[in-house]
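*Asks:* Fit chain F to the supplied structure of chain U, relying on the hints for placement.
So you can see what is in the structure, the chains are spelled out below.
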Amino acid sequence: MIAIATPTTTWYLLLGAVLFAVGVVGVMVRRNPLVLFMCVELMLNAVNLTFVALAKKLDDIGGQTTVFFVMVVAAAEVVVGLGIIVAILRRRPNATTDDLAELKG
Amino acid sequence: MLDVVWLIPALPLAGFLFILLFGRRLGDPKSGYFATAMVGASFVVTVGVFFDLLALDAEQRTHQVTRLFSWVPLAGRSIDLAFLADPLSITMCLFVTGIGSLIHLYAVGYMHGDPRFSKFFLYLNLFAFSMLMLVLGSNLLVTFLGWEGVGTCSYLLISFWHEKESAATAGKKAFVTNRVGDWGFMMAMFFAFWAVGSLDYSALGGAAGTIAQSAATAIVLFAFVGACGKSAQLPLYLWLPDAMEGPTPVSALIHAATMVTAGVFLMVRLSPLLSVAADYAGWIIAITGVATALFAATVAVAQNDIKKVLAYSTVSQLGFMFLAVGSGAYVAAIFHMVTHAFFKALLFLGSGSVIHGMHHEQDMRRMGALRALMPITAATFIIGWLAIAGVPPFAGFWSKDEILLFAYDKSPVLYFVALVTALLTAYYMTRQVIMVFFGKAQWHDAHEEHGAAGDFTPHESPKVMVAPLVILAGLSVVGGLIQLPFSDNLKRLEHWLEPVGEHHLSASADDLTYVLMAVAVVVSIAGIAASIMVYAKHKVKPIEPAILANAWGYDRAVSRFMGGPGRQVFADIVEIDTQVIDSLVNDTGAQIAAAAGQVRKLQSGNVRNYAAAIGVGVVLLLSWFVVVRGLL
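If you're matching them up, the sequences are chains U and F in order.
According to the numbering used here, the residues represented by the first sequence are 34 to 138, in order.
According to the numbering used here, the residues represented by the second sequence are 17 to 648, in order.
Isolated chain U, as found in the complex (with noise of 0.2 Å):
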């Protein structure tokens, strides 16, 4: 007989792992900015996630709490990081990051 298998603590550390790791090769890989943006939200959700499974695996609320700030900041991030990206796509439509790297100084 199958048992139900009760997931566990380490099972969320494990796909929080997996998300960020899937998350760090996206910006590695990817070009789209639109896309690499999105992958550096997802290592940011991968953190948040491994901060709640040891907050409920501790008994610590402390870990809880990062995660509202984590959400603060990413949220700003984003409007500032979104509003970047949908300046530069709206003058170059099908730019790329690497073609960005024109702007260094």
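Since the hints were derived computationally from the structure, they do not count as laboratory data.
Nothing here was measured: the structure is a model prediction, and the numbers come from that model.
It cannot be assumed that every hint is accurate.
What the hints assert, rightly or not - Computed footprint of chain F on chain U; a stretch qualifies when at least three of its residues, placed anywhere within it, have a C-beta under 8 Å from a C-beta of chain F:
{"#": "1", "stretch": "53-61"}
{"#": "2", "stretch": "121-133"}
Said to hold, decoys possible - Here are the in silico distance ranges between beta carbons for each label pair:
{"#": "3", "chain 1": "U", "residue 1": "V112", "chain 2": "F", "residue 2": "Q614", "range": "19 to 27 Å"}
{"#": "4", "chain 1": "F", "residue 1": "Q607", "chain 2": "U", "residue 2": "I121", "range": "34 to 42 Å"}
{"#": "5", "chain 1": "U", "residue 1": "E135", "chain 2": "F", "residue 2": "T168", "range": "54 to 62 Å"}
{"#": "6", "chain 1": "F", "residue 1": "D598", "chain 2": "U", "residue 2": "I121", "range": "25 to 33 Å"}
{"#": "7", "chain 1": "U", "residue 1": "A50", "chain 2": "F", "residue 2": "L618", "range": "29 to 37 Å"}
{"#": "8", "chain 1": "F", "residue 1": "N625", "chain 2": "U", "residue 2": "T42", "range": "32 to 40 Å"}
{"#": "9", "chain 1": "F", "residue 1": "G633", "chain 2": "U", "residue 2": "K90", "range": "23 to 31 Å"}
{"#": "10", "chain 1": "U", "residue 1": "V112", "chain 2": "F", "residue 2": "G633", "range": "22 to 30 Å"}
Said to hold, decoys possible - Partner residues are not named here, just some residues of chain F that face chain U (Cβ under 10 Å, in silico):
{"#": "11", "residue": "G621"}
{"#": "12", "residue": "N622"}
{"#": "13", "residue": "V623"}
{"#": "14", "residue": "R624"}
Glycine included, C-beta positions come from ideal geometry on N, C-alpha and C.
*Replies:* Relative to chain U, chain F alone:
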């Protein structure tokens, strides 16, 4: 009124600022009267301070310091902006503000109608402020502030009529020559700060007992270089005769009565150090002084410009003051400074009055017989002449006699040279008086039939100009009363200036007091008589070789050297500066810029490279934590 000492320089400063803002609106002559009032008010405050000081005990008189604020805050050696009201500084203030306000008043008449009338008084008030800072400063740095201030004003006022090429050049010459002297002053300050750790006069005086003799000698001699520049001594006297390009009130105020005596003042201020310096320091000062005195007197004999004679005479008299300083006769130096301020300001203002009356003619060969047309100017000028020639009982006689006495005590050779100078002084001043006021008229009367177009009749100057002449003439007559040699009670200046140190005469010189006095009188009379024989009676042909008129060719020699080899030396120094020192600095900068260029290449602008760098960094950090720190 001792607590309002700061008002003495503040009033002319306020006048300067007010005229700066509203001078043009005040105009001619109101701005002139305003400036005069400010300096006059400063004089009133000075008199108040003088009487307050007089009421104090002699020991307390030298410690009246008014501290305004800390100017250069340094741990333990701060330099304050502070004023020292002691007998020496207040004596200086009295005649600077007193004679200053008279000359301001005179200038109201003299400068009347000048298009830049209010600007002239702007500079004059700034000068008065700077000069008062110079004498009142309680440390060398405040004095230096005033020292540079008067130098700047001197430059501005010499080249006041800067449309004239010669005036603009003369201003530059004065400025550059003074820089050489200022270098000496700064070196003296550095040495003083290094050796004593303070620039306060009280600290310098207190250190006189402990300081190394070599350090004291260095401070005094460098200060003397500064004094040579400011007070026009050999070899830096060059600028003063040229400074006569400025308006005559400027010549009287700055280049006769006050600024040029700043060097003498400085040496007297540093007299505690001078008294512990090596013997040869005093000799250098005395010999420079007496050499300058003789040199300038010989040159004055052959000058034809009415102001040039007075200019060389000023150089010569300043030489006398340095002779006094070098002989240790500080009181005599100050005494001569005061009487000289009276009679030389009088002579300059008198010459200004003549120039004014002659419609800007300065050549004495075109004057003559002016005494009937300008009676007050002539009478006052003659009093000034008798004072400078050393005829008793006029002021100049007493002060010059005291210097001669101390010079004799130092060395009979110095005395003899000084005596020759005194003879020449009487001679050339008599020559001037005869050429200007006596003899035949060399100008053409407008009423004469054969007069050329534009001829005129010389006229007496307005009241506002002759009033200062009369007051100064009075002072030139009685000025000697402040220090008479007959008994100890009558040496008022000496007692007032205590404890400005003074050598006491050796007994042999003291016995000779009256003999030397008689010799001085005889010499003066002889000089005057010789001059009358030559210029009035025409018994002897005048001896005025061109070499004397050209100041022994010294001026030309300096110009030639500076234009030729001197310039080459400076060009070489500039070359070293650009090739060695500049390239050292510039190459360092270039190397750093090149290195930065290499580092800059890391900044590719490629976002994914940055991300990779961050990733690698995180991995490295984590592995460091795990492996080295043993986490997990």
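*Asks:* Taking the hints in turn, state whether each one holds.
*Replies:* Right, here's what the structure says about each hint:
no.: 1; hint: 53-61; verdict: holds (count 3)
no.: 2; hint: 121-133; verdict: holds (count 3)
no.: 3; hint: U/V112 <-> F/Q614: 19 to 27 Å; verdict: 37 Å, violated
no.: 4; hint: F/Q607 <-> U/I121: 34 to 42 Å; verdict: 38 Å, holds
no.: 5; hint: U/E135 <-> F/T168: 54 to 62 Å; verdict: 56 Å, holds
no.: 6; hint: F/D598 <-> U/I121: 25 to 33 Å; verdict: 46 Å, violated
no.: 7; hint: U/A50 <-> F/L618: 29 to 37 Å; verdict: 30 Å, holds
no.: 8; hint: F/N625 <-> U/T42: 32 to 40 Å; verdict: 36 Å, holds
no.: 9; hint: F/G633 <-> U/K90: 23 to 31 Å; verdict: 29 Å, holds
no.: 10; hint: U/V112 <-> F/G633: 22 to 30 Å; verdict: 27 Å, holds
no.: 11; hint: G621; verdict: 3 Å, holds
no.: 12; hint: N622; verdict: 5 Å, holds
no.: 13; hint: V623; verdict: 5 Å, holds
no.: 14; hint: R624; verdict: 6 Å, holds
Hint violations for this structure: numbers 3 and 6, all remaining hints satisfied.
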